[in-house]
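Listed here are the chains, written in short residue letters.
2 protein chains.
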Amino acid sequence: MTEFIPPGTRFVALPDPFPMRRGDALHGARVAYETWGALNAARDNAVLILTGLSPDAHAAANESNPEPGWWEAMVGPGKPIDSDRWFVVCVNSLGSCKGSTGPASIDPATGAPYRLSFPELSIEDGAEAALCVLRELGIERLACVIGNSMGGMTALALLVRHPGIARSHINISGAARALPFSIAIRSLQREAIRLDPQWNGGDYDDDQYPESGMRMARKLGVITYRSALEWDGRFGRVRLDSDRADDEPFGLEFEVESYLEAHARRFVRRFDPNCYLYLSRSMDWFDVGDYCERRGGPSEGQTRAGLAKISVEKALAIGVHTDILFPLQQQQEIADGLRDGGADARFLPLESPQGHDAFLVDIARFGPAVRGFLDGLA
Amino acid sequence: MTEFIPPGTRFVALPDPFPMRRGDALHGARVAYETWGALNAARDNAVLILTGLSPDAHAAANESNPEPGWWEAMVGPGKPIDSDRWFVVCVNSLGSCKGSTGPASIDPATGAPYRLSFPELSIEDGAEAALCVLRELGIERLACVIGNSMGGMTALALLVRHPGIARSHINISGAARALPFSIAIRSLQREAIRLDPQWNGGDYDDDQYPESGMRMARKLGVITYRSALEWDGRFGRVRLDSDRADDEPFGLEFEVESYLEAHARRFVRRFDPNCYLYLSRSMDWFDVGDYCERRGGPSEGQTRAGLAKISVEKALAIGVHTDILFPLQQQQEIADGLRDGGADARFLPLESPQGHDAFLVDIARFGPAVRGFLDGLA
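Protein chains in written order, with the working numbering: chain A, 1 to 378; chain B, 1 to 378.
Hints in this document: simulated from the structure, not taken from any laboratory. A couple of the hints might just be wrong.
[Unchecked claim] These stretches of chain B come out as covered by chain A in the derived footprint (C-beta under 8 Å, 3 or more residues):
id : segment
1  : 74-81
2  : 228-239
3  : 252-261
[Stated by the list, open to error] Heads up, incomplete: computed chain A residues facing chain B, CB under 8 Å, no partners named:
id : residue
4  : 180
5  : 185
6  : 232
7  : 277
8  : 364
[What the hints assert, rightly or not] What follows is a list of derived Cβ distance ranges for each label pair:
id : chain 1 : residue 1 : chain 2 : residue 2 : range
9  : B       : 201       : A       : 240       : 45 to 53 Å
10 : B       : 249       : A       : 246       : 28 to 36 Å
11 : A       : 332       : B       : 73        : 29 to 37 Å
12 : B       : 368       : A       : 200       : 38 to 46 Å
13 : A       : 246       : B       : 111       : 38 to 46 Å
14 : B       : 161       : A       : 332       : 54 to 62 Å
15 : A       : 233       : B       : 163       : 30 to 38 Å
Beta carbons: idealized from backbone N, C-alpha and C, even for Gly.
For reference, chain A alone in the conformation it holds in the complex (with noise of 0.2 Å):
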């Protein structure tokens, strides 16, 4: 049970008892986040960046931290989310083990770790807890409200939660909604990490750790999260060097498995368990549909006017042709609802080869669409 926070993350106390969607609440609950550039006088040029299932709150250098970050190529003075020209404000999901309160951290009840005792969390409540660094900030209305994959979702929730919020906003492989495929991959995640005997019902330790089910769980993200295309090009059919391959019956033998299994060994130890659960299964329950009158079961149409009642002035709505965990449609259904509910709303698919994570290596692309959006806000 470890938390893994960035040197110079900064923290705002959650309000005591801070109650959950589902039920339950916390108590001496926290938010870690991070900040680049400064609130105008105005208080008016603030970005907030919702992140994905695992990044922390360090998504570019700066002052309290100079280690690059998750998204340097994007966050900065000058650079596309421009540091010189507006406040910027990332901020690690409620549930993670990157700072902010999660199962990993300690229920002050018990003085033990949540484990499974962390309620139950629901994508709606990182986003109210990402509102609470806004009004300790100052912040009543943010110029941009970004959001990626997971945080995508959160930013939605937020938008329809809270009207007036936010000005625009930008949702960068985002989802209104699960879809089976999501979600069946997903499920299929958890699973790999239920099974490991290591993971003991979440009460494992770093010695009895269920490494072997969050490697398996994490290669199952990475073929998902890249796609078939850029591999085709990337690895082909190249085999490991003997001295590489596995002498193991049935073990790896082709660069694309080693890759996966590099990839895996450096996420399994950084990243808890629980928490990953607790995340994973926040993105199945979330539909912005559960925020408009019920006509029926859930629905395309349901989805699309729940995203009818967020009032934003712009928006940004970007997807990725390769993407088969949050694909190309829902970017659409995004910007269609968002239009609907009277947003200037764009939909932009990019021809990425990278599949669902092309926002964190394709700069080339995504550099200038968020770039374009933020120099467009008057």
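Add chain B to chain A, keeping to what the hints say.
Chain B in isolation, oriented as in the chain A frame:
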């Protein structure tokens, strides 16, 4: 270690020894097959069906076994593969557990199942074994060889190694070589089985059985065999009734999860885990480009040149837009390569929403395509 042999299955003894492509040989091995219709006097009306990873030889009801088969709608009198005209032969893959010799079969040298002492299995070994069935039945030349999925690979191996063995070829959702995305998925499926402590290096029995590893492998299979598009319409975000939902933490909640679970449970005890490992790996190894002179590493050009070594009069490569495991460009590649080799080869992309498995269920599209091709054979 159980084999699953449908009643009425017929067998051909393989030559003893039966040399395997990657070394070693089988002794006392056999291949299971079934037939429909009758061989004509000219012996020129035979159609061979080569299957995907899991099916047995019982493609459809016949005199020896009136139970419906796995391709019931496609094979029989008056059906698209019309047994009134064609003598149809379906072969169970070598290495399988459904009648042909495989890792679950008894090694005559020890009297115990082969398990991991079974020699390394290649797609090519399956092709040679199928050829033995043809020879036994007195077939010198096929009217057509039809290969589905893995069977599409086996068909190409047969064609490239035995010029003149078939006048024509239908390749359905097949591939001329494994691509890294598919290798990654299969590698992860194999890892799920290998990580199950009950797999025990291949030394399990019905009581100590790698059930959870097999379930995980099968779920990942089903996810990649079908398509996101189909599931959107089929499951959406429908949840299980409270009496069917899982009480366990992070247990089943959505219809799509329950569907996967049911599929997996049906499969797990009906396919031998070691056979699964061997057949799965044989697909990763396959590249028809092996059959022409190497010009540097494996590449697209190499694979296409290998295809061009195949000589058939007429060919049809059918694929499906929603197939993520054997994506459409692989069937396009097959058609292009066979055309390079002089065939009148057509590429037929279908709009089936069911992904890789569409050929099993979308008979409305596949039926006419296959019937049309076979009817057109003079």
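Hints and how they fare:
1. With 0 residues having a Cβ less than 8 Å from any Cβ of chain A, the segment 74-81 of chain B misses the three-residue criterion, and the hint is violated.
2. Only residues whose beta carbon comes within less than 8 Å of a beta carbon in chain A count, and the segment 228-239 of chain B has 8; three or more means the coverage holds.
3. Figure legend: the segment 252-261 of chain B, annotated as covered by chain A; annotation consistent (7 residues with Cβ-Cβ distances under 8 Å, at least 3 required).
4. A least Cβ separation of about 4 Å between residue 180 of chain A and chain B falls short of the 8 Å threshold, and the interface hint therefore holds.
5. The criterion of a C-beta within 8 Å of any C-beta in chain B is met by residue 185 of chain A, whose closest approach is roughly 6 Å, and the hint holds.
6. For the restraint placing residue 232 of chain A at the interface with chain B, the shortest Cβ-Cβ distance is roughly 6 Å, inside the 8 Å limit, so the hint holds.
7. Taking 8 Å as the C-beta cut-off, the interface hint given for residue 277 of chain A holds, the closest approach to chain B being about 5 Å.
8. Nearest Cβ of chain B to the Cβ of residue 364 of chain A: about 23 Å, over the 8 Å cut. The hint is violated.
9. Between residue 201 of chain B and residue 240 of chain A the Cβ separation comes to about 22 Å, which falls outside the hinted range of 45 to 53 Å.
10. Between residue 249 of chain B and residue 246 of chain A the Cβ separation comes to about 34 Å, which falls inside the hinted range of 28 to 36 Å.
11. Between residue 332 of chain A and residue 73 of chain B the C-beta distance comes to about 36 Å, which sits within the given range of 29 to 37 Å.
12. Taking 38 to 46 Å as the suggested C-beta distance range, the pair residue 368 of chain B and residue 200 of chain A does not conform, at roughly 55 Å.
13. The hinted range of 38 to 46 Å is not satisfied by residue 246 of chain A and residue 111 of chain B, whose Cβ atoms lie roughly 31 Å apart.
14. At about 47 Å, the beta-carbon gap between residue 161 of chain B and residue 332 of chain A misses the expected band of 54 to 62 Å.
15. About 33 Å separates the C-beta atoms of residue 233 of chain A and residue 163 of chain B, a value consistent with the hinted range of 30 to 38 Å.
The structure does not agree with the numbered hints 1, 8, 9, 12, 13, 14 stated previously, though it agrees with the rest.
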